[in-house]
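Protein chains in written order, with the working numbering: chain A, 1 to 390; chain B, 1 to 177; chain C, 1 to 197.
Derived by calculation from the structure, the hints in this document are not laboratory data.
Take the hints with a grain of salt, since some may be wrong.
Said to hold, decoys possible - Restricting the straight-line Cα-Cα distance to at most 16 Å, the calculated cross-link-like pairs of lysine to aspartate or glutamate (EDC-like) are:
id, chain 1, residue 1, chain 2, residue 2
1, C, LYS12, A, ASP208
2, B, LYS67, A, ASP208
3, B, LYS42, A, ASP229
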Amino acid sequence: MTRYPDPKQVGGDFYSRNFAKNARPDTLILNLGPQHPSTHGVLRVLLELDGEYILRAEPVFGYLHRMHEKMGETKAWGQFMPNMGRVDYGHPLSWNWAYCGAVEKLAGIEVPERAEVIRVITHEMNRLTSHLLWWGAYILDLGAFTPIMYAFDDREHLLDLLQRPTASRLTYSYFRFGGVSKDLDEKFVEGTKAFIARFRQRLPMYKDLVTDNIILRKRVEDIGIIDQDMVTRYGATGPVARGAGLAYDLRVSEPFGVYDRFDFKVPTQTTCCSMGRYLVRMEEMEQSCRIIEQALEQLPGAEGPHLVKGAPKPQAKMPAGEAYFAVEGGRGKVGVYVVSDGSKIPYRVKLRAPGFSNLSCFAEACQGMLLADAVAVLGSLDLIIPEIDR
Amino acid sequence: MKLFDNLPIECKARADYEKTGQEWVFFFKPGVLRKAVQRLYKDGWFLEDLLALDTTDGMLLVYHFDKMSRPGRVTLKVLTSGTEPKIPTISDIYQGADWHEREVYDFHGVVFEGHPNLIPLLLPAEEDQRIEPPLLKTDKKRTGLKNLMSLYETEVCSAAVEALFTEEPAEEAPAEG
Amino acid sequence: MSAVKDIFQSVKDLWSLFVGLRVTGKYFMQPTLTVHYPRETVDEDVEQTYGGHVELVPKPKNPLKPKCIGCMMCVTNCPSGCLTVVKAKAPKPTPEEEQAMKEAEARGEKVKKPKAPKEPAKFMYDYSLCSLCGTCIENCPVGSLRYSNNIYFVGTSRKEFKLDLLQRLQRQAENTAKAAPEASEPEQAAETAKSEA
Ligand code: SF4
Ligand code: SF4
Numbered sequence: 001m002t003r004y005p006d007p008k009q010v011g012g013d014f015y016s017r018n019f020a021k022n023a024r025p026d027t028l029i030l031n032l033g034p035q036h037p038s039t040h041g042v043l044r045v046l047l048e049l050d051g052e053y054i055l056r057a058e059p060v061f062g063y064l065h066r067m068h069e070k071m072g073e074t075k076a077w078g079q080f081m082p083n084m085g086r087v088d089y090g091h092p093l094s095w096n097w098a099y100c101g102a103v104e105k106l107a108g109i110e111v112p113e114r115a116e117v118i119r120v121i122t123h124e125m126n127r128l129t130s131h132l133l134w135w136g137a138y139i140l141d142l143g144a145f146t147p148i149m150y151a152f153d154d155r156e157h158l159l160d161l162l163q164r165p166t167a168s169r170l171t172y173s174y175f176r177f178g179g180v181s182k183d184l185d186e187k188f189v190e191g192t193k194a195f196i197a198r199f200r201q202r203l204p205m206y207k208d209l210v211t212d213n214i215i216l217r218k219r220v221e222d223i224g225i226i227d228q229d230m231v232t233r234y235g236a237t238g239p240v241a242r243g244a245g246l247a248y249d250l251r252v253s254e255p256f257g258v259y260d261r262f263d264f265k266v267p268t269q270t271t272c273c274s275m276g277r278y279l280v281r282m283e284e285m286e287q288s289c290r291i292i293e294q295a296l297e298q299l300p301g302a303e304g305p306h307l308v309k310g311a312p313k314p315q316a317k318m319p320a321g322e323a324y325f326a327v328e329g330g331r332g333k334v335g336v337y338v339v340s341d342g343s344k345i346p347y348r349v350k351l352r353a354p355g356f357s358n359l360s361c362f363a364e365a366c367q368g369m370l371l372a373d374a375v376a377v378l379g380s381l382d383l384i385i386p387e388i389d390r
Numbered sequence: 001m002k003l004f005d006n007l008p009i010e011c012k013a014r015a016d017y018e019k020t021g022q023e024w025v026f027f028f029k030p031g032v033l034r035k036a037v038q039r040l041y042k043d044g045w046f047l048e049d050l051l052a053l054d055t056t057d058g059m060l061l062v063y064h065f066d067k068m069s070r071p072g073r074v075t076l077k078v079l080t081s082g083t084e085p086k087i088p089t090i091s092d093i094y095q096g097a098d099w100h101e102r103e104v105y106d107f108h109g110v111v112f113e114g115h116p117n118l119i120p121l122l123l124p125a126e127e128d129q130r131i132e133p134p135l136l137k138t139d140k141k142r143t144g145l146k147n148l149m150s151l152y153e154t155e156v157c158s159a160a161v162e163a164l165f166t167e168e169p170a171e172e173a174p175a176e177g
Numbered sequence: 001m002s003a004v005k006d007i008f009q010s011v012k013d014l015w016s017l018f019v020g021l022r023v024t025g026k027y028f029m030q031p032t033l034t035v036h037y038p039r040e041t042v043d044e045d046v047e048q049t050y051g052g053h054v055e056l057v058p059k060p061k062n063p064l065k066p067k068c069i070g071c072m073m074c075v076t077n078c079p080s081g082c083l084t085v086v087k088a089k090a091p092k093p094t095p096e097e098e099q100a101m102k103e104a105e106a107r108g109e110k111v112k113k114p115k116a117p118k119e120p121a122k123f124m125y126d127y128s129l130c131s132l133c134g135t136c137i138e139n140c141p142v143g144s145l146r147y148s149n150n151i152y153f154v155g156t157s158r159k160e161f162k163l164d165l166l167q168r169l170q171r172q173a174e175n176t177a178k179a180a181p182e183a184s185e186p187e188q189a190a191e192t193a194k195s196e197a
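Isolated chain A (complex conformation) (with noise of 0.2 Å):
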């Protein structure tokens, strides 16, 4: 806690004491985070508080800043591969498919058909573990311990399923450039059918558990407004661009893979509140069950193997040129977009991460907030911060 109006006397690094450069000489400022549990990793925010009302804020990350970028320009196409499953822990196939895209829109390469449903069906689950990852954390955030055991448990039987294809638990490296690196089986079939009985019976638990709480609504309605034109100026994607009533999907949109075979609504609310945007994602769980299930019936009379015959190998030179890939992930749009020279190793990656144009929306949402809905708020952003950092 430092009182002003002597700047020379405010402690803090750099970005503490940049920030206090502009701040009023009776105000507070207050570091939230970065090691604030409610936080989602490291992220740190800097507020101006006057009372208990912020005035500013000011998002501080990089703390897990991985230089992804650089790595992709030291390693081989395929190499680089599995550092898609560590940009995002939460969605990390949206990240596998933004990379192959890209690859793949560069080099030509033709997915097999079955390749795509087998995309699409993991792709949909791996989005339910990452909303199920968030709808308890956030209820953690607010309060609540009990609904993040409930969450995991769902989630923990999608990762049991998951871990057959893919062998991994949580940074799936899947993908390969022309299809996915194994086949699904009889059982995880058989399984992600159960599954999906088993979570539409949970789904109205967890409307009676947590959506319909008072405590809930009182807590997130209301606060946090991003509309549609800082959405526009923000270029903030997903979940917070729906909970401002634009139905902007690229699933929908801007079609990629195969998702333009499959029957499902884009689910909007119009509030622009923390509550929208809660209720978004909670109905978007649903569409994705019904995605699955239509996924799971093509996939018998899908055509092909699940990886092209002649998949480029991980040291292979891809042609010179530049293409732009965008998928819908759990926190918008993943878009990747690779320059290659023709050599083995790219040129340049640039990776877009969807919390990094949601997160700074924050600081215009929260001016003139209450201190404690800050983390309501921060919350409802669905914000991973490796993403961000990348």
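Given the coordinates of chain A, work out where chains B and C with the ligands should sit on it, guided by the hints.
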């Protein structure tokens, strides 16, 4: 794509969305960039990302824009000097660009003129701990634009930009605008 | 009118708390779901499909030797550089053989030098670096690598994660022989993995 009509466009090209993920590619001079971005904002586009590309022709800034109502991507490319890259900021038009620009400043050392708060974002910020921009290429690895991308089907194209993409070694890059 | 509405709303809100408590109460009565390690272990099925560190696959006929032919594909393709393979050297010729070779050379015949056997002399693996991406497994021409299902692998220092896979294979083979000589091989490997952990 009539959005930039009567702006001094360096190059306007239609790219193959299936192959590159981009629909339109525009080259601009740094001075025109802000006007073009303003038009995009009025038309409801949003900034996806922003990156720099270190080439022998100079530092290429690439802006990706997308629209929520329809598929397709517009790429703005601006070439600046490779030794002292400088470009006007767009963070007052798209507030989301603020962090993207700071990131590019971190990684490539591009200075965004008029940026309100151009401090390191991801890399160490203390004055005595700052490091060289890590994504700058070494002279050996750096290569020209024509080896990295094609011009696609151009509709309008200035001679300067075309020269960058022709096989003969082009003379000086038309950097500052 | 609005007062009535307010009261009604409050009652409804209060009721939502009881609905939540009913759910928790219901689940409270149910058996525990978490696995209380080490008193309990995870399902057989989960353990069998678990992708642990990389291990060598023995030859079908000789469980002491890996299928590996020492081609180094896995080493060149591994993104993390965690594999070290040293190819086996050609065996040193015995004095008599050397003599014979020299004589053959003197006679101007083609000398038959002993060839290096196609197998690794050393197969080191650093689990602490491995990203479990499966690149080595997919790129091995003879299928000599696979994920182990060593799910309970723990160590107290970094050194313990540097594994000598050849030694491990031999230990596995010995354990298999000791445990149940008749049982089929793959299951055995899994069991040894478990007992080792
Ligand atoms: S799994 Fe991947 S990181 Fe691990 S040894 Fe094999 S190739 Fe290397
Ligand atoms: S394990 Fe396979 S890829 Fe590696 S050296 Fe042996 S044969 Fe070659």
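Going down the list of hints, with the structure as the test:
no.: 1; hint: C:LYS12 / A:ASP208; verdict: holds (13 Å)
no.: 2; hint: B:LYS67 / A:ASP208; verdict: violated (37 Å)
no.: 3; hint: B:LYS42 / A:ASP229; verdict: holds (11 Å)
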